[in-house]
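Colleague: Listed below are the residues making up each chain.
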Amino acid sequence: MSTRAASPAALFWAEFAESRMALAGLVVFALAVLVALTAPWITPQNPYDQAGLALMDARLPPGSVGSGGYTHWLGTDAQGRDVLSAIVWGLRTSLFVGAAAGVVALCIGTAVGLAAAFCGGRVELALMRLVDLQLSFPAILLALVLVAILGQGLFQVVAALVAAQYAYFARTVHGAALSERRKEYIEAAAGIPLHPARVVWRHLLPNCLPPLIVVATVQVANAIAIEATLSFLGVGMPVTEPSLGTLIANGFQFMLSGRYWISVYPGIALLIVIVAINLVGDQLRDVLNPRLKK
Amino acid sequence: MTALLALESVSKRFVLRPTLAERMVGALTGAAKTEVVRAVDGVSLALDRGEVVGLVGESGCGKSTLGRIAAGLMLPTEGRALIDGAPVAEDAGGRAAKRTTAVQMIFQDPFASLNPRMRVGEAIAEGPVAHGLTDRARARDTVAAALRRVGLDPAFASRYPHQFSGGQRARIGIARALAMEPRAIVADEAVAALDVSIQAQVLNTFLDLRRDLDLAILFISHDLGVVGHLADRVAIMYLGRVVEAGAVTAVFADPAHPYTRGLIEAVPRLDRRRASFHPVRGEIPPPLDPPRGCHFHPRCPQAMPRCRAEAPVLREVAPGRLAACHLHDA
Amino acid sequence: MIAFLLQRLASAVVVIFAMSLIVFAGVFAIGNPIDVLINPAADQVIRAETIARYGLDRPFWEQYGYFLGSLVRGDFGTSFVFNQPALGLILSKLPATLELALAAMLIAIALGIPLGAYAGLKPDAAASRAIMAASVLGFSLPTFWVGLMLILVFSVETGWLPSGGRGETVTLLGIDWSFPTADGLAHLVLPALNLALFKLSLIIRLTRAGMRETWPADFVKFARAKGLTLRRVVLVHAMRNILIPIVTVLGLEFGSVMAFAVVTETIFSWPGMGKLVIDSILTLDRPVMVTYLMLVVTMFVTINLLVDLAYAALDPRVRLGGQR
Numbered sequence: 004m005s006t007r008a009a010s011p012a013a014l015f016w017a018e019f020a021e022s023r024m025a026l027a028g029l030v031v032f033a034l035a036v037l038v039a040l041t042a043p044w045i046t047p048q049n050p051y052d053q054a055g056l057a058l059m060d061a062r063l064p065p066g067s068v069g070s071g072g073y074t075h076w077l078g079t080d081a082q083g084r085d086v087l088s089a090i091v092w093g094l095r096t097s098l099f100v101g102a103a104a105g106v107v108a109l110c111i112g113t114a115v116g117l118a119a120a121f122c123g124g125r126v127e128l129a130l131m132r133l134v135d136l137q138l139s140f141p142a143i144l145l146a147l148v149l150v151a152i153l154g155q156g157l158f159q160v161v162a163a164l165v166a167a168q169y170a171y172f173a174r175t176v177h178g179a180a181l182s183e184r185r186k187e188y189i190e191a192a193a194g195i196p197l198h199p200a201r202v203v204w205r206h207l208l209p210n211c212l213p214p215l216i217v218v219a220t221v222q223v224a225n226a227i228a229i230e231a232t233l234s235f236l237g238v239g240m241p242v243t244e245p246s247l248g249t250l251i252a253n254g255f256q257f258m259l260s261g262r263y264w265i266s267v268y269p270g271i272a273l274l275i276v277i278v279a280i281n282l283v284g285d286q287l288r289d290v291l292n293p294r295l296k297k
Numbered sequence: 019m020t021a022l023l024a025l026e027s028v029s030k031r032f033v034l035r036p037t038l039a040e041r042m043v044g045a046l047t048g049a050a051k052t053e054v055v056r057a058v059d060g061v062s063l064a065l066d067r068g069e070v071v072g073l074v075g076e077s078g079c080g081k082s083t084l085g086r087i088a089a090g091l092m093l094p095t096e097g098r099a100l101i102d103g104a105p106v107a108e109d110a111g112g113r114a115a116k117r118t119t120a121v122q123m124i125f126q127d128p129f130a131s132l133n134p135r136m137r138v139g140e141a142i143a144e145g146p147v148a149h150g151l152t153d154r155a156r157a158r159d160t161v162a163a164a165l166r167r168v169g170l171d172p173a174f175a176s177r178y179p180h181q182f183s184g185g186q187r188a189r190i191g192i193a194r195a196l197a198m199e200p201r202a203i204v205a206d207e208a209v210a211a212l213d214v215s216i217q218a219q220v221l222n223t224f225l226d227l228r229r230d231l232d233l234a235i236l237f238i239s240h241d242l243g244v245v246g247h248l249a250d251r252v253a254i255m256y257l258g259r260v261v262e263a264g265a266v267t268a269v270f271a272d273p274a275h276p277y278t279r280g281l282i283e284a285v286p287r288l289d290r291r292r293a294s295f296h297p298v299r300g301e302i303p304p305p306l307d308p309p310r311g312c313h314f315h316p317r318c319p320q321a322m323p324r325c326r327a328e329a330p331v332l333r334e335v336a337p338g339r340l341a342a343c344h345l346h347d348a
Numbered sequence: 003m004i005a006f007l008l009q010r011l012a013s014a015v016v017v018i019f020a021m022s023l024i025v026f027a028g029v030f031a032i033g034n035p036i037d038v039l040i041n042p043a044a045d046q047v048i049r050a051e052t053i054a055r056y057g058l059d060r061p062f063w064e065q066y067g068y069f070l071g072s073l074v075r076g077d078f079g080t081s082f083v084f085n086q087p088a089l090g091l092i093l094s095k096l097p098a099t100l101e102l103a104l105a106a107m108l109i110a111i112a113l114g115i116p117l118g119a120y121a122g123l124k125p126d127a128a129a130s131r132a133i134m135a136a137s138v139l140g141f142s143l144p145t146f147w148v149g150l151m152l153i154l155v156f157s158v159e160t161g162w163l164p165s166g167g168r169g170e171t172v173t174l175l176g177i178d179w180s181f182p183t184a185d186g187l188a189h190l191v192l193p194a195l196n197l198a199l200f201k202l203s204l205i206i207r208l209t210r211a212g213m214r215e216t217w218p219a220d221f222v223k224f225a226r227a228k229g230l231t232l233r234r235v236v237l238v239h240a241m242r243n244i245l246i247p248i249v250t251v252l253g254l255e256f257g258s259v260m261a262f263a264v265v266t267e268t269i270f271s272w273p274g275m276g277k278l279v280i281d282s283i284l285t286l287d288r289p290v291m292v293t294y295l296m297l298v299v300t301m302f303v304t305i306n307l308l309v310d311l312a313y314a315a316l317d318p319r320v321r322l323g324g325q326r
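Residue numbers (this note's numbering), protein chains in the order written: chain D, 4 to 297; chain F, 19 to 348; chain G, 3 to 326.
Hints in this document: simulated from the structure, not taken from any laboratory. Just so it is clear, the structure is predicted and the values come from calculations on it, not from any experiment. By construction, the Cβ of each residue, glycine as well, lies at the ideal position given by its N, Cα and C atoms.
Listed next, the stretches of chain F that the computed footprint assigns to chain D, with coverage defined by at least 3 CB atoms under 8 Å from CB atoms of chain D:
hint, stretch
1, 80–91
2, 185–198
Residues from chain D that keep clear of chain F, each with C-beta distances beyond 10 Å, as calculated:
hint, residue
3, 34
4, 41
5, 44
6, 52
7, 64
8, 137
9, 267
Selected chain D positions facing chain F (Cβ under 7 Å, derived; list incomplete):
hint, residue
10, 186
11, 187
12, 188
13, 191
14, 194
15, 195
16, 196
17, 197
18, 206
19, 209
Make the full structure from the sequences, and use the hints.
Modeller: And the structure:
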């Protein structure tokens with residue numbers, strides 16, 4: 004029916020799909036997620052099942068056939084793990100950490116930003132001072148300090164990333180909410196009257212979403228990069244639950260002796276994921292930026 | 019007979035407090051002080067059912083603040099705003115709470131006053147559903163009735179605001195207010211943002227509403243021409259105070275306050291062809307620091323020494339006519 | 003203005019104080035340093051003696067109070083691992099980090115401004131597009147990853163440059179430097195390049211944006227109309243306007259260069275503060291961690307304070323707007 008309008012979501016998708024690079028990024032990212040989710044069924048080897056490892060397979064170059072009878076397309080590491088399998092499992096950890104940190108930081112940051120914008124006064128001043136202060140430190144340094152304090156492990160790394168990154172969301176939501184709050188539709192909703200929680204949830208928040216989505220995309224990529232850095236430095240994910248960063252760190256010592264594949268292939272996987280997310284984020288920024296709209 | 023919507027000696031003051039650091043310095047230099055703006059200063063106004071009252075003044079005179087107090091969006095610092103004898107809103111720690119649904123507000127900017135991410139139907143149905151005036155099953159009918167009432171196609175309910183013109187959006191804003199089944203409406207510059215030809219259509223919608231629904235309408239505008247077309251009575255505000263009030267025909271025919279006279283002469287009219295175009299001279303003084311005595315004396319062509327010293331009181335100067343001017347004491 | 007100054011100064015002091023509490027509380031919670039300090043086979047007497055010597059048996063507040071008092075006296079404790087004062091230990095590593103950071107900034111400026119200016123003057127050229135694409139990568143790639151690739155390409159595959167260490171150093175003004183010797187310089191190139199990458203991307207973007215904004219401006223048109231050569235217009239007239247924001251950002255970013263040095267120093271085994279702090283985290287060397295964190299916090303707060311004050315001095319809107 005022609006009177007039924009194209010929803011904003013449909014318009015948004017049409018604009019997003021205008022960039023082939025962004026579409027490619029989205030496809031690659033979707034594939035990475037799919038691979039990570041199905042890791043136990045698609046890899047020839049569970050790299051963390053010690054019983055399945057044979058030391059005689061250690062440090063085989065890419066393309067060798069190991070004692071398992073299948074080809075190690077990307078070689079094996081020092082313990083005889085299939086690097087391809089390790090990458091798929093590492094991807095699983097990296098993506099999970101990035102997504103978990105991104106989602107939790109999004110929720111906390113949005114709550115803080117909205118609370119500041121809605122309450123105003125001293126609450127706003129105190130919250131935003133804290134956020135500004137945090138933003139003046141590089142996130143990597145903050146995360147490093149927090150991991151140093153909290154210790155290693157999945158939960159600790161996610162907590163450190165959330166604490167280091169929520170401020171970006173809070174800043175963004177606060178700014179958006181301040182400019183939206185002055186608009187008459189908010190006053191109109193409050194005047195009907197609707198419950199304040201409903202005004203925030205149904206009116207204020209949806210209109211703060213565009214910049215939030217952009218920040219969320221970039222921050223997920225950053226979370227993955229920071230986690231990889233922490234793990235590379237040896238203070239992130241433990242060896243029992245390795246992410247791509249841990250794999251790279253494990254292979255680093257062998258790189259100087261020419262066994263590049265143990266480090267480099269996980270590195271390339273990390274690169275592909277980060278670039279794919281950033282491509283999506285860049286296009287989102289262009290589509291959602293009202294100043295660039297016709 | 020008590021009025022339907024009543025404002026009783028309403029005042030609103032805004033306080034600008036210095037920051038802690040400013041106060042620390044102020045303690046040393048004595049410079050920082052708390053500043054107070056009297057946006058509305060002791061205004062009383064009453065609307066009967068089926069009556070349209072125009073509230074006129076230049077921007078910054080406090081008419082929008084008064085409108086928000088009448089609609090329960092803001093609390094007065096002093097005085098009361100009542101609908102059928104009950105307060106329009108309660109004070110909950112300095113914020114307006116438990117606002118009435120019986121007074122609805124219509125806003126100035128037809129582009130900003132609709133949530134861009136909500137379909138028109140959802141926006142109209144949201145309030146009535148939340149307040150139990152209708153349920154989800156009957157919401158479609160409620161929305162359709164409200165849209166028809168303002169002359170729009172009920173099929174528009176599934177569209178988003180960006181697909182409408184300014185005039186259509188203004189009507190959607192009215193429909194949203196009507197869906198709450200209000201007894202009174204406060205319209206704040208409801209047609210100011212529209213083209214003149216569209217203005218006339220929306221004004222006619224207001225006239226239909228008054229006829230069909232027996233609503234009391236407080237119509238706030240800077241435009242005397244628009245108010246003259248629509249209102250039964252008019253109140254003129256200057257720097258937070260009402261300076262003149264009365265029936266529209268009487269006030270337009272024989273203004274009792276020099277400020278009203280200035281405003282009326284500023285309205286372009288076909289039968290007068292720029293013959294005597296004397297808008298009110300000068301600028302509005304800063305509300306932070308209004309003139310002593312009669313606020314209007316620096317701009318008044320008939321100012322007397324007394325006007326500088328003593329503020330005139332709003333009182334009856336003829337049956338049904340109020341004015342605050344020392345000229346009537348002669 | 004005085005109000006603004008007071009406010010900022012007070013908040014800087016509050017921040018440093020709050021951070022000292024957070025840092026101390028956090029570090030207090032990490033593992034048990036006693037396990038690092040003594041031989042696991044040591045008997046209870048030695049164990050108790052060591053605990054008493056380092057004050058590890060005291061309640062939290064007492065340790066914190068003692069810690070604060072020591073800070074004021076300039077005593078940051080003694081490293082458990084190296085058994086020497088933590089502050090002296092970190093400061094002894096400062097020149098290495100400083101040399102690396104300065105070299106990185108130099109590379110970022112020397113490469114970033116010309117590349118950015120070119121991309122700004124010829125936005126549609128293929129080379130410009132390549133420069134901008136590379137700068138996007140520079141923003142999104144983790145520093146350690148790039149460092150790894152640099153080692154792989156320039157050390158492992160080609161063998162052109164060493165992969166770690168400081169090389170031969172020369173003592174100037176009582177401090178060791180790598181750059182004056184050929185060997186030291188060779189050791190400096192890769193880590194400095196690695197550390198420069200993020201700032202390089204930033205400077206490219208800033209210069210390009212500044213160039214595109216300034217180029218159509220009236221004064222540039224006027225200069226060209228006067229018959230000045232393109233070269234002179236770019237170098238003198240346009241550049242002068244572009245440099246102001248770049249210098250501001252560089253001032254702000256110097257702190258973050260020091261922070262990112264943690265990563266670069268670890269990869270390239272560069273014996274600076276960053277490597278020291280990572281090692282101290284791994285060995286639970288509490289005094290060194292705390293001292294490093296306090297130094298970094300103080301540095302950031304000071305930089306922010308200076309930038310705030312400089313802005314306020316230059317732009318009255320900031321001081322008025324900041325007070326609402």
